[in-house]
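First to last, the sequence lines map onto chains A and L.
Read the first sequence against our numbering and you will find it ends at 31, with the numbers running on by one and no gaps.
Read the second sequence against our numbering and you will find it ends at 167, with the numbers running on by one and no gaps.
Hint data in this document are derived by calculation from the structure and do not stem from the laboratory.
A hint or two may mislead.
Stated by the list, open to error - Coverage of chain L stretches by chain A, computed from C-beta distances (three or more under 8 Å per stretch; other residues unrestricted):
| hint | region |
| --- | --- |
| 1 | 74-85 |
| 2 | 115-128 |
As the list claims (entries may be wrong) - Which chain A residues face chain L? A few, computed with CB under 7 Å, are given here:
| hint | residue |
| --- | --- |
| 3 | 11 |
| 4 | 13 |
| 5 | 14 |
| 6 | 15 |
| 7 | 18 |
| 8 | 19 |
| 9 | 24 |
| 10 | 26 |
Quick caveat, the model's predicted, so the values are computed rather than measured.
All C-beta atoms in this analysis are idealised placements derived from N, C-alpha and C, irrespective of residue type, glycine included.
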Amino acid sequence: MDVILTDIKYTVIAGVVLTVIVVLIAPLIAG
Amino acid sequence: MEYLDLWLIMRWFHVVAGVMWIGLLWYFNFVQIPTMPKIPDELKPAIGKHIAPAALFWFRWAAAFTVLWGLVLAYNQGYLVDALMLGAGKGLVSVTMIGIGMWFGMIMAFNVWFVIWPNQKIALGLVEAEADAKPKAARMAMLFSRTNTLLSFPMLYCMLAVSHGAG
Numbered sequence: 001m002d003v004i005l006t007d008i009k010y011t012v013i014a015g016v017v018l019t020v021i022v023v024l025i026a027p028l029i030a031g
Numbered sequence: 001m002e003y004l005d006l007w008l009i010m011r012w013f014h015v016v017a018g019v020m021w022i023g024l025l026w027y028f029n030f031v032q033i034p035t036m037p038k039i040p041d042e043l044k045p046a047i048g049k050h051i052a053p054a055a056l057f058w059f060r061w062a063a064a065f066t067v068l069w070g071l072v073l074a075y076n077q078g079y080l081v082d083a084l085m086l087g088a089g090k091g092l093v094s095v096t097m098i099g100i101g102m103w104f105g106m107i108m109a110f111n112v113w114f115v116i117w118p119n120q121k122i123a124l125g126l127v128e129a130e131a132d133a134k135p136k137a138a139r140m141a142m143l144f145s146r147t148n149t150l151l152s153f154p155m156l157y158c159m160l161a162v163s164h165g166a167g
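The following block holds chain A by itself, in its conformation from the complex (with noise of 0.2 Å):
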């Protein structure tokens, strides 16, 4: 965890893989 947040790489492919779950779930929210 603590590299995701030091070293900018990591924390955009963080970012990046965040967004595709978002995308992934919000459907299975909104029913």
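For chain A, the structure is supplied; the task is to place chain L on it using the hints.
For chain L alone, kept in the frame of chain A given last:
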């Protein structure tokens, strides 16, 4: 005159403030933080005493204005409550998307005002603090600034999804 609409102008204010906020967030994370270790010690006060405080002023007020104005816009458009409830079970992905984006934005603005700014005041010596509190505060501010950078990517996608006409 169809492009001289009050709420279009208000939305423009929201976007302008948002660009300033996220632009400065990315300046801190992509430019200032990685470059600081390479700056000679005698030049560091130029950043710590002049540039960072000025950037933080515009950063925190842009954050407040963006979020407060976003909430006013959502209320005006009639989806504020549904979006805050993440549009759960409403069958409209666009409301869920804007809701997730709004929550990310509010969490980020909270971090700016209640974690990053108080810790930056200590780290930059703008308030009285013990010497060993400074590095601790600087690290706390950096970690939450990075958290906001991480959240900025899905937040922006959620904001764009709505104007793109998602579900």
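Status of the hint placing residue 13 of chain A at chain L (closest C-beta pair under 7 Å) = violated (9 Å)
Should the hint that residue 19 of chain A touches chain L count as held when the rule is a Cβ pair under 7 Å?
-> With Cβ-Cβ at 4 Å, under 7 Å, it holds.
Against chain L, run the beta carbon of residue 18 of chain A and see if the smallest gap drops under 7 Å.
-> Hint on residue 18 of chain A: holds, closest Cβ of chain L at ~5 Å, below 7 Å.
According to a criterion of three or more residues whose C-beta lies within less than 8 Å of a C-beta of chain A, is the region 74-85 of chain L covered?
-> Violated: only 0 residues of the region 74-85 of chain L have a Cβ under 8 Å from chain A.
When the nearest CB of chain L is found for residue 24 of chain A, is that gap smaller than 7 Å?
-> Status violated, d = 11 Å.
For the region 115-128 of chain L, does the count of residues with a C-beta closer than 8 Å to a C-beta of chain A reach 3?
-> violated (count 0)
How about residue 11 of chain A: closest beta carbon in chain L under 7 Å, or not?
-> holds (5 Å)
Against chain L, with CB atoms and a cut of 7 Å, does the hint on residue 26 of chain A hold up?
-> holds (5 Å)
How about residue 15 of chain A: closest beta carbon in chain L under 7 Å, or not?
-> At about 3 Å, which falls below the 7 Å cut-off, the nearest Cβ of chain L leaves the hint on residue 15 of chain A intact, so it holds.
Against chain L, run the beta carbon of residue 14 of chain A and see if the smallest gap drops under 7 Å.
-> holds (5 Å)
Hint check: violations occur at hints 1, 2, 4, 9; the rest are consistent with the structure.
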